[in-house]
Amino acid sequence: MRAETRHQLKEDRFSRVTIATAGNAVHWTVEHQRKLIGAAVVLLVIVGAGIGIWYYQQQQNDKANVVLGQALRTAESPLRTEGAAADPNVPSYATAKERADAARTQFQSVINNYPHTTAADIARYFNGTVEIKMGNYAAAENDLKPVTSVRNDDLSSLAKFALASVYRNTNRPKDAINLYNEIINKPSATVGKSTAQMELAATYEAMQQPADAKRIYEQVQKDNATGQAAQMAATKLQGLK
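The working numbering applies: residue 1 is where the sequence shown begins, and numbers increase by one.
Among the hints, a few may not be true.
Think about it this way: if two alpha-carbon atoms lie no more than 25 Å apart in a straight line, the pair counts; the simulated DMTMM-like pairs of lysine to aspartate or glutamate are [unchecked claim]:
1) 97 x 76
2) 193 x 182
3) 193 x 121
4) 222 x 182
5) 145 x 101
6) 97 x 121
7) 186 x 218
8) 193 x 205
9) 97 x 141
10) 133 x 175
11) 145 x 76
12) 186 x 175
Pairwise CB distance ranges, derived in the manner of DEER restraints [to be verified]:
13) 238 x 101: 38 to 44 Å
14) 73 x 208: 39 to 45 Å
15) 57 x 208: 28 to 34 Å
16) 154 x 76: 17 to 23 Å
17) 178 x 89: 45 to 51 Å
18) 95 x 169: 20 to 26 Å
19) 186 x 69: 28 to 34 Å
20) 169 x 65: 28 to 34 Å
21) 151 x 87: 37 to 43 Å
If you are wondering where the hints come from, they were derived from the structure by calculation, not from laboratory data. Computed from a predicted model, the values in this text were never measured in an experiment. Note that beta-carbon positions come from the ideal geometry of N, C-alpha and C, so glycine has one too.
Taking the hints into account, I'd like the entire structure generated from these sequences.
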């Protein structure tokens with residue numbers, strides 16, 4: 001068989017295979033076109049829903065942050081001196097209780113209206129600190145406990161630190177010690193290791209366990225060398241002697 005003929009046969013076979021493959025692909029596409037279109041529609045619905053949820057959450061976060069900002073400003077508003085007239089241009093309060101009540105109302109508004117936002121977690125924390133200032137330890141504990149387990153380590157550390165003070169003020173030092181140790185083992189940007197150590201040592205002092213307090217203060221000195229924490233620990237150690 002001549003070379004030209006063999007070459008032609010190869011080309012013909014290749015063409016037939018290629019055309020058959022293309023034909024099968026077209027046939028498969030036509031046969032499954034409805035499924036493809038259906039899958040595409042489902043995908044678009046899922047993507048659209050995701051975008052819609054994200055947009056809604058962003059709106060909720062923005063609204064929550066506005067109310068949270070107002071509550072924080074209320075909590076930090078000045079107290080008027082006795083007999084002083086209120087300045088309409090500068091928010092102020094006659095008593096600490098009046099200010100605390102106003103702040104609590106606003107913090108609670110964030111918690112109730114935007115429960116699934118970071119702002120709500122922050123509002124719970126600050127609501128707890130307001131309750132601590134007012135001596136309402138049971139209410140403070142209810143607000144702070146959920147925040148100790150949030151994903152944000154900085155916020156959860158703050159909540160643990162505040163909750164530990166609640167435990168100390170309600171004669172539950174062992175619970176406070178557990179929280180301080182959690183912070184020490186996993187410090188954050190908001191509550192450092194030495195800060196928790198100093199409070200832990202103070203807790204041991206209050207429990208009449210000076211040896212444990214001494215051990216912690218010495219560890220603070222060792223870890224911080226010439227820093228401010230080391231100086232504070234040195235002062236505390238002198239008081240133990």
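Honestly, which of those hints from before does the structure not fit? 15
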